[in-house]
Structure formats: structure tokens, C-alpha cells
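Q: Following the hints, complete the assembly by docking chains B, C and D onto the known chain A.
Single-letter residue listing:
Protein chains: 4
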Amino acid sequence: MKSGDLKISWARQYMPVLSSIRERFEREQPFAGMTIGMALHVEAKTAVLVETLAAGGAEVHITGCNPLSTQDDVAAALNERPRIHCYAKRACSVEEYYASIDKVLDARPAVTIDDGMDLIHRIHTERRELLKTIIGGCEETTTGIHRLRAMAQEGKLAFPVIAVNDTPMKRYFDNVHGTGESSLTAIMTTTNVLIGGKHVVVAGYGYCGRGLATKARGLGARVIVTEIDPRRALQAHMDGFDVMTMDEAASRGDIFVTTTGNTSIITRQHFPKMKDGAILSNAGHFNVELEVDWLEENAGAIERRDGIDSYTIGGKTLHVLAEGRLVNLAVPKGMGHPIEVMDLRGFRKTALFSKVLYSPGST
Amino acid sequence: MKSGDLKISWARQYMPVLSSIRERFEREQPFAGMTIGMALHVEAKTAVLVETLAAGGAEVHITGCNPLSTQDDVAAALNERPRIHCYAKRACSVEEYYASIDKVLDARPAVTIDDGMDLIHRIHTERRELLKTIIGGCEETTTGIHRLRAMAQEGKLAFPVIAVNDTPMKRYFDNVHGTGESSLTAIMTTTNVLIGGKHVVVAGYGYCGRGLATKARGLGARVIVTEIDPRRALQAHMDGFDVMTMDEAASRGDIFVTTTGNTSIITRQHFPKMKDGAILSNAGHFNVELEVDWLEENAGAIERRDGIDSYTIGGKTLHVLAEGRLVNLAVPKGMGHPIEVMDLRGFRKTALFSKVLYSPGST
Amino acid sequence: MKSGDLKISWARQYMPVLSSIRERFEREQPFAGMTIGMALHVEAKTAVLVETLAAGGAEVHITGCNPLSTQDDVAAALNERPRIHCYAKRACSVEEYYASIDKVLDARPAVTIDDGMDLIHRIHTERRELLKTIIGGCEETTTGIHRLRAMAQEGKLAFPVIAVNDTPMKRYFDNVHGTGESSLTAIMTTTNVLIGGKHVVVAGYGYCGRGLATKARGLGARVIVTEIDPRRALQAHMDGFDVMTMDEAASRGDIFVTTTGNTSIITRQHFPKMKDGAILSNAGHFNVELEVDWLEENAGAIERRDGIDSYTIGGKTLHVLAEGRLVNLAVPKGMGHPIEVMDLRGFRKTALFSKVLYSPGST
Amino acid sequence: MKSGDLKISWARQYMPVLSSIRERFEREQPFAGMTIGMALHVEAKTAVLVETLAAGGAEVHITGCNPLSTQDDVAAALNERPRIHCYAKRACSVEEYYASIDKVLDARPAVTIDDGMDLIHRIHTERRELLKTIIGGCEETTTGIHRLRAMAQEGKLAFPVIAVNDTPMKRYFDNVHGTGESSLTAIMTTTNVLIGGKHVVVAGYGYCGRGLATKARGLGARVIVTEIDPRRALQAHMDGFDVMTMDEAASRGDIFVTTTGNTSIITRQHFPKMKDGAILSNAGHFNVELEVDWLEENAGAIERRDGIDSYTIGGKTLHVLAEGRLVNLAVPKGMGHPIEVMDLRGFRKTALFSKVLYSPGST
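Protein chains in written order, with this note's numbering: chain A, 1 to 363; chain B, 1 to 363; chain C, 1 to 363; chain D, 1 to 363.
Just chain A, same shape as in the assembly (with noise of 0.2 Å):
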């Protein structure tokens, strides 16, 4: 078996949803002469989540949604299976990164799976042409969401697009369960320090931070919340865990996580007060919640490793992990969520495809 091969049966192994719906789509074959495009991390766990649409009777196109996400012996060995067309490849162009988001396009899908709406963007503005045979997509992103809530509002979406993760399923499992495990196993990954004893400070109580917060107290960690919601923070109090204010717990931390979705949780008026050697990071969507630009401006010298950038100011030293990026997917070794988590996920986004299968409130 090829590389890409080899990656592929790894994963669906342990995604055993994905299986049965598949073995069912072979017998039913609900897509049969339904071509669908999709802009996705092309990797062995999305590569399952193809075969499963493909073996349901579709004509799949896809390509990457981030240069840098690609696996090419992925991308191969799905070149190589009936009824799909894949033209991502990793670090593209940008020129070639559009090229490939219209050769999806070209194949004029009846429906769509974005992982932050380029191809449905690029419907509404490049290739208006294609909205008269469009039935709809699904967007898996909260800012892709968030626009396209705009647009629907403005009464510019011109076909229907479901959040696929809009779901209680969706917080309960990826959430708690694949963010909490994949961002403590990037942050031991990267930094091999050990998480007993240390003190992790964990911003934010929603649904990552509780996976979070309980998994690193189950490795041993003294775990420290901060929550500006009052319920919350009672929670996070009342489940065990020390809350303070960010202000306080900036100079006991050995390990930063934020998670909250909001701005500038770790910035300037912390960074003085926290310890030699603390590690930085963010597991929530966007690189927002550390303030890294007043950093990369502002420390007198910077030292970079891999996934690791080191910042001395005052004396003291603060490494950011991944650049202040979703740590379990982009440090080096990071992997994204388990295979499990994106096993569901994609029962999500089949579902929604399948009458079959999909009744409104079933999640």
C-alpha cells in the first residue's frame, strides 16, 4: 500500500460511523449523479469523509482550504479512487490556490462543504453562474457562519447553507473532548515538559476549557480557570477549580490556554506579571486571544524553535506556541482533533446531505 494509502485505512479504522453510513450509501446510492465540491484540510481523516460521499453514488471535487494543510500522498490516493477529483497540493501559490478552488467549480456542484466558505464566497462573487443549479452547503466554521448570518440578514445568500456545527453533538465531543485532548497532547508535544504539578491557567469555562481544565487536572496539573461570565466562573469554582481574573493568575501560571473566542485574553498588562519560562497558548479559532504583535514588537530578543517563539522582555522569558494559533493544529507535530472526533463530524455533514438519514433535530 502507498503512503497515502497506508494514511487513509489508518484513520478509518477508528471511524466507524462513517463505515456504516457508508456501507448503507453503497446500497442506496442517494448521490448517484450528484456531483458535490468541497474545500477541506486534505488529510487521511477528510479523505474518509470523500470516500463515504463517493461511495454514496457522487461525483466528488475537492481541494485544499489552507496551503499549508495539505497531504500530497493523501491527495494522491484519492486521485486514485473512482468518482473523485482532488486538486489540492501543499504549499500552493495563491494563484494556484484559487486556480484549484475553481476547478472545483468548474464541475458546477449541486452542493457544497466549506471549512471556511471559499467556495461559497467565490460563488457569490467570481461565478454567479453557478447559483442557478446550487441546492445548497454547509459551512463548518463560527466566523464563516457569523458572515454568512450577515449575508442571509441582507438577503444576499442566494441558497441555503446549514451550520453543520450547530449541534449540542458538536460541543460535547469536539469541544470538551477533541480540543481538550488534542491541545494538551500538542503542548506536550512540542515543549516535552511535563503537566504534573504545573500550574495551567485556562481561560475560559465554555465547553473546550472544561475539556481542558478537567483533562489537565486528570494529568496531574493544579489547574487555574479565569471566566468573565458569573455562572461560569461559579461553575468552574464549584467543579474545583481555582477562577481569578486573569490579572491575578498571570503570575502563577506555568501553561497558558485560552479558549474563550473573544480578543486580547493575554496582552500587554500580563505579560510583566508572569513568570520566567511560562508557554503561551490558544486553542480557540482564531489568533486573536494573544496579544503576539506587542510581543514581536516590543521584546528586546526573540528566539524561534520549532512551533516555539521565544520573547525576552524585562528580564524574563515567554514562549508562544504556534504563533498564537489553534496550538493542536498548527504546531509541527500538531494533528488536529482525533480521528473519533472527526468521525462524528463527519456523520454531521453526511447527514445533512442524505433525506435519508437526516431528520431537523436529530443531532
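Because the hints were derived from the structure by calculation, they are not lab data.
Hints should not be assumed to be uniformly reliable.
Stated by the list, open to error - Below, a list of computed lysine to any residue pairs in the SDA-like style, where the Cα atoms sit at most 20 Å apart:
1. D/K333 x C/A330
2. D/K275 x C/S9
3. C/K333 x D/A330
4. A/K316 x B/L329
5. D/K275 x C/A330
6. B/K333 x A/L6
7. A/K275 x D/H237
8. A/K333 x B/L329
9. B/K316 x A/K316
10. D/K316 x C/S19
11. B/K2 x A/I302
12. D/K316 x D/D254
13. C/K275 x B/V17
14. A/K316 x B/S9
15. A/K2 x B/K2
16. C/K333 x D/H237
A: Okay, now just chains B, C and D, sitting in the frame of chain A:
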């Protein structure tokens, strides 16, 4: 800063114990005029120990203790430091390996620091002329210690050797926390599976087993313990783990980790009972706990991925991590123990050689 | 200090929220000139709520909501306080019970605080003359709320009633922590068995179930969850609990606790499968989750101890705690919720009646 | 069944180890013709041990080892069994107490079972004529063992006595689980406070301390450990607990539990730093860990509730549970160890006297 120095400076900051010893050594120069010979894994955490000894006035000659564990950039960085001479080279030949051992011994060390008994063994066989001047040595591995005890009983051990890990400190920190965390991290980064919800079978409820079982449960796993010592089995039971024989556990586990220190823990009698897709790994010192040979000889098909060998037998596929070797070291992304664990281990080694710090029973 | 005052002062010190509200009420006198009627469990934690309302200027008339939950020394202590009139008496007759309800209503309360709808029901039936002057009420129990909703739909509810527990705060604190801890404490003090190592079966993975499962595991139990909602079942699975049907769990459990809010959770079909000596209890509101009637009628022999009825049937003995009633309240040593939980519940009640504190959605 | 028999039969069913020993004893009659003298807490769990020895053919004469721990209904039930003679009486006078001891000795026991050395002491002083016929004895308490060791060194111990708790089994089960759970239960039932969210200070990280700290955290507490042994302190730190001196911890704790076995753990130097309402308790064997005398003499006001003495001093009130005595036994609702712990302890005692079962080192 060069790559090797970046790695060493990263490790150094999370080794406060060695840092404070270094300050003392710089002041007191306990090793002034003394030559120390070392054969250890030449990577960043070891380098901090080497620096510390050199700071105390020692002339340090070091080579690797395993051809694959040497990091060439760290070796280069060591060679640029005063009083340090490093002969290790990654992927060297057997001849080169022993030539490097001999270079260390050519420096006529008064003291040896071994991880696998290479120096001590060679001194007692090929280089007996050194016996006149050597003061003593230390050895890290349990196997090494066993052989040394045998030599001592036969009257063949010619100088005192200290068993560096023969202390409760080792068991509580290296085993419980070091092996516990780093084995889980290695499994997670190698397989990308979710620990939450999995049945993790931990063979052996010694210190390594307790650490692994507790931390796996802390991540959300359901943990089964196998243990033949009835007192430890009862301990595991009362600590809330399911306790059963491997014969019973074989069919329930999703992930297996052996930590017994014994041979033949998971064998041909267990493989047929296992689930399709079961993951097998070993966190004990030797690769004797899983009967990998039998799988190699009897599997109908074998697929090899990075750090994972997959054996198909009787319609099911079993995955063995790192060929059944110590999983936290031997998988491609394995980093060995967390830095802090090696800080404490370094403390024990330096303490042994410094009367200033060492008094018997002080561990 | 007398016995009742000692009990009240004990509770008061662990009710900081009501204490800070009392300070405010003393200053602002929001209830000056207002009469409040209450029918609640007359024990120390309730007394602190009563004090708080009286401190705000209210004239408070209170009686019990269950003849067995009144503590006469607390009732006496309340009667010695200004503006408080307590009519509750432990073990009173039915006639005395309703006579006391009527005494409260004779005071013509503007506002009612019920735990079981006694006041509201009597006003709507026997004492309709009060409807003219009443402003509103609040009700604590879920049953009460169901009946009130039905009345409202039929147009028969004559004044607004607030569902005091209809808030996420209730679920996170009363259910997870209050029920979780106090049920375990009640089981431990009633049976004197060790939780560590036991198989504890928790029926239902709602908020009560989660609290119980997590805390039982925290004491060293091996926890099995039964749950018919597939999403919650998957949540329990990923949180690391064994999930199965009661049919399967019946033969494995040492201790059972039902928390579903549904009927017939553990029934005649499960009893024969259970271990000799199994302990059965209920932490849901009503005594309908265990089929105790069937045991009473069919057991070959019955032994009764304090809080434990033991049924021998088919050669095995099953122990039912507190006749299947709410175990944290109904066992002889049961104390109901921890003090802090009633502090937050008191906060919700006072907040509802004080515009100063209350704004919709503020819970 | 009468009250005493109901209690004994309740305990018996959760003592499977003694049950299986009893079956063997009934068959093998190892004590046929032997008289055993006992001075133990006469309650249900002890009664099961007594039954077991009598089943083995022994003539058992038993009295209490503390006038307040005798349960008269259990004593009565024992007296109705063949070959058992019980002289214990609750709240007996000092004269009656020693008269009962003498009655046991009048039976000329070949073997003694002590919990506090009453029998052994009296034999060595007032009843030396028994020395000729006595074979040996066993003693449970650590103090007793200390005195016996001193006697042995001075050559004054006239027959062999076995230290029944001198085994790892004791520490792992009695201390970690028995003391851990029952102390928390005793605190919860005595105070009715919530453990979730509380700062619980555990003094000492021996086996009792570890059990308490782990289980308190498992209920949702934030646990601080104080420990003067640096290795144990580091262990507690790496296990995820906050470690500090009592000087620091004094101002943070909501609930304190001492488990050190040393004197003067919480003293006049700590009281002024404590929070108003702090709860102080001791889980160590002797009431010497809390400086209660100083509070008794210096408090401005003292209030006494069941099991709680409240000292007001410097404007704050501190609550001491059970006068600083062993909290799991000495609070009014205290039940001592869970049944299963006494089952294993009973196993150790019977094993000692039965060659059939006993071989050195078998614990």
C-alpha cells in the same frame, strides 16, 4: 543561536534543580582537575547534565549509548563548550560506536556515568589498565544493575558502582509521572486516536502502571488493570479500576500498555481474542512483554506505518507501536521523559559524585 | 444560645449570598409593609431565608410543607424573631397541618413562597377571596410547576407564579453538586459500606446523574451509567463511564442510584439478576423509579433497619434505602442539600421578589 | 430478628473474607478447645470477627476497649451465640470496666486480641499467673505497639505479640480508603457543608493524607497539602496538589484535616490567620494534632453543638469537630471504618492465629 544551543537552552530552563546545582558547582568547583567519562543518550536534557558537571570543573568526555538517540546538533553544541568533548554521532556504524567509547576511555576518566554499562563493561574487559585510576561509576538501567550485582557477587567488580535509580524518588517521579505522561503522549501522537471513552488495558500495577492508569482515567479512558500480585491487584480494585486477567481483558481493550518488567505479557494466546484494530504498546524497559516475533511470523499480512506495524491475522488487524519497544522513546515522535523528570534524575547523578551534596539516604 | 438558634447560626455562616442580600435589605427595606406567606421545610437553612426576608421589612408568616421535616427548635427560634410568625409543628395531624396553612393565609400575604404548591392550591380553591390582593408567588418543585402550567393553559391560574428552579443555575449547583454529594453521603452514612472499588450504577445522565457519577468515581467507585437518550449516553461514554442498559447493569452493580425523573427504572425484571446484597436507592424527586411495591408484595422475607428495607427473594437479599424516596432527604441521617446549595436557592427566591436585585435573564 | 442481630447480619454480608474464613474454620476447627480473650469495640463489625473465631471452635470471652463504643444490642446478640461470652456494657463505670477485663482473664485465654493493650497490660501487672499458659496475643494500635516494643527491649514482654497492622495491606486499605472515605463522610454529615469548591487543607501526605486528598479532590474540593518531608511534599506537588506550610495554608483553608501522627500541627500561631468559619478536624490516631486546649482557654466565647465546638477569638469563629479526636469515630454520626476495611483487618487477625492460613510475609 544555533539549533543545538536552542534545544539545550529550552531544556535548561525547565531544569531548576540542575541550575541551582550548577551555581553551587561554579562556586565550589568540586570536580576541578577530575575527568568524567559518560555514555548517555546525547540529546538536550543530557547536555544540561554535562554542562553542570563541566561547570563544576570536570573535564567531560561523552559519547552516545545508542546510535539512534544521538542528536547531532546537540553533540556539535556540546563540543563548542569548554572542557566538554563529545564523540557521539547519529547512525554511526558499530565500529565507530566502539571507537567513540574508546575515545572516552582514552581520557582516563576517574568516574564513569553509564546508561547501559558500556563504559564499565569495556573497562573490565578491553581496558583493564584503567582499573588502577578509576574511583567509581554509576549506572542507570535495571539490567545493567543486575549484571553488576552478579559481577560483584562473583568478586569480579573492580570498583564501586552506584545504582542511580535505586531510590523511592525514581519510582515516584520517573515512573509514575515521567513514564505515565510520556507514554500516553507517545500513543496519542502516533495514533491520533481519542483516549476519552476508550478501554485502556494497563498490564501491571507497579509505579509505571499506577501513573498510566491514573492519567489515562484522568483523560476520560475506562481503565482495566491486569496484575498477578494479589495485593497490588486489590489496590487497583480499590482505586476504582477494573481488575482481571489478560485472558479476560484481551477481548475488551482498545489500547494495551504493558508495564510489568516481565516477559510474555501479551502473547499468541491473547491475540485471537482481541478486537479488530486493537493498539498494543509497551512502556516497560525491554521489548519482551509483547510477543511481536510470533506476529511477525504468523500474520497473513503486515503493513508498516511510522511507528506502527499492523498485523492481520484471523481476519483482524492488530497494531503494535514501536515494535514493542519502550513506547515513549521508540516511536518516531517520542521524546523520552519530560524535561523535569530528567532534572531530578540529573540531580541524583550529580549528587552521587559530590560529597558537598550527597549523604547516604538523602534521596 | 438555644438549640434552634445554634442550628440557624451554623447554617447562616455558610450562606454568604443571603448574608450580603440581608445587608442590602436592611438598608433598602424593599418589603416594608408587605406580608409574605411561606410553606417550606422548617429547618435551619430555610430559617436563614426567612430572616433575610424579614430583614427587608416583610412580615413573614410560615408553616411547614411536610409534617415530618419540621424541626421544632428551629420553629421556636423563628417565633422569637420580630416580624416572623411560624405555625409549623413536627408530626402534626392532617387537621393541624391545614389549620396552619390557613393561619398563614389569614395574614393575607401579598406574595407566596411554596414548596409543593400548598398555599397556591388553597388560595385557588378554599380561599379565593385572597386573589384580589395577591401579587404573585413562587414554586420550587417540578411537579408543582407542571400543575401550574396546566392551570395556566386552562386559564385557571389567577396570579403569576415564578418557577424558582427554572434556571441553569439550579441544574449546575443543586443537581450536580447538591444532589451529587448529599446522596453519596446519605448512602455512606446509612450503609457504612466503602465506595472505593464498588460498582455504582447511576441511572440517568442528566445533571444529577453527572454529579453523582463524577463524585462516585472521585471516591474510587467504578461507575456504570444507564441512559436512554443516545446523545447523553455517548456523553457518558466519552466521559469515561461504562454505558449499558439496566438489563445488563443489573447483574454488575453493588449500589444503584436512580436519577432519571422517570418511572419504573429498576423493576421486577431486574431484581432477579442482581447480586445478593445489592443496595438500591433513588435520588430523583419521586419514589417511582424503583418498583418497591412489587418487592413488598413478593419478597419471601423482609427485614427492616433504620432507613433500609431488605427483601429476600429467590435466595438473594436486596436492600432498598429510604423506601425508594429521595435518598438524601429520606434516610434517618439525611440532611437534604448542603447549606451552600440552599444559599444559592435562597438567592433565587429573594431575587424574584426584589426589583432591586432582579432583572429578567439575570440568572 | 432483634436489633443486635440485624446490625450483625448487615455487616456480615459485606465481609466476604471473614465469611470464607468462617466456612473453612467450621470445617477445620483450628481453635477447638482453645480460649480466646478479646478487648475490642463491641459493635457489629467486631461481632462478625467474634463469630468467625467461635465458628473455628474457640471459646471467646470479650469485653469492650472503650466504655462509649459498646453497642448494648450487639453485646446482647453475641451473648446468645454458643461459645461466646460478652461482658461489655455501654457507659459503664471505671470499676465495671476493669471488672469486665478481669472476667475475660478469668477464662484463662490462650490467646489475646487487644485494641489498646488492656488485656496484655493487665496480664503483665495484676494477673501474672496467666503468663504460664498464654501462647501469644495481638495488638492493633500504634501506641500499644510502641509500648510493647519498649517492653520487649527491656526484656519485660513475657509472650509474643503480633503487630496486627504492621503490613502494607493496612496502609493501602485502612488508611487510604478507610480513613479517606469515612473522615470525609463524618465531616459532611456533621457540618452539612458542600465539599465541592471548598479549600480543603490536608496536613500530612502519608497514606491517610493521600486518601483524603485524592477523594476530597474527587468530590470537587481544591486541596492544599502541608508536608514537612521533602520527598512526600514533592510527591503531593506532582500529584497536582498545592503544597505549602501550615503558616501559609492557614489563611486559605475552609476545612482542615490533620493526618500526620505528630503533635501540634495546627496551633495558636495558625488560629489568628484563619478564615471566619473555618472547620478544623483530625483524622490521626491521637487528639494531639490540633491545639484545642489553647482554644478552650483563650476563646472569648464558646458554643457547643453536636460534635462541633465553636471558638470565637479575635472576631472570628473557628469550629473544631469531635474535640480534635479521630473525626471518623468521634463525631456523633461517626461509624468508624467502612465494613469492608474491617473485613480485611479481621482477616489479618484470624490469619495470625491459624497456621492453616498464616505464613510469614504473606500479607
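Q: Looking at the structure, which of the earlier hints fail to hold?
A: 4, 5, 9, 13, 15, 16
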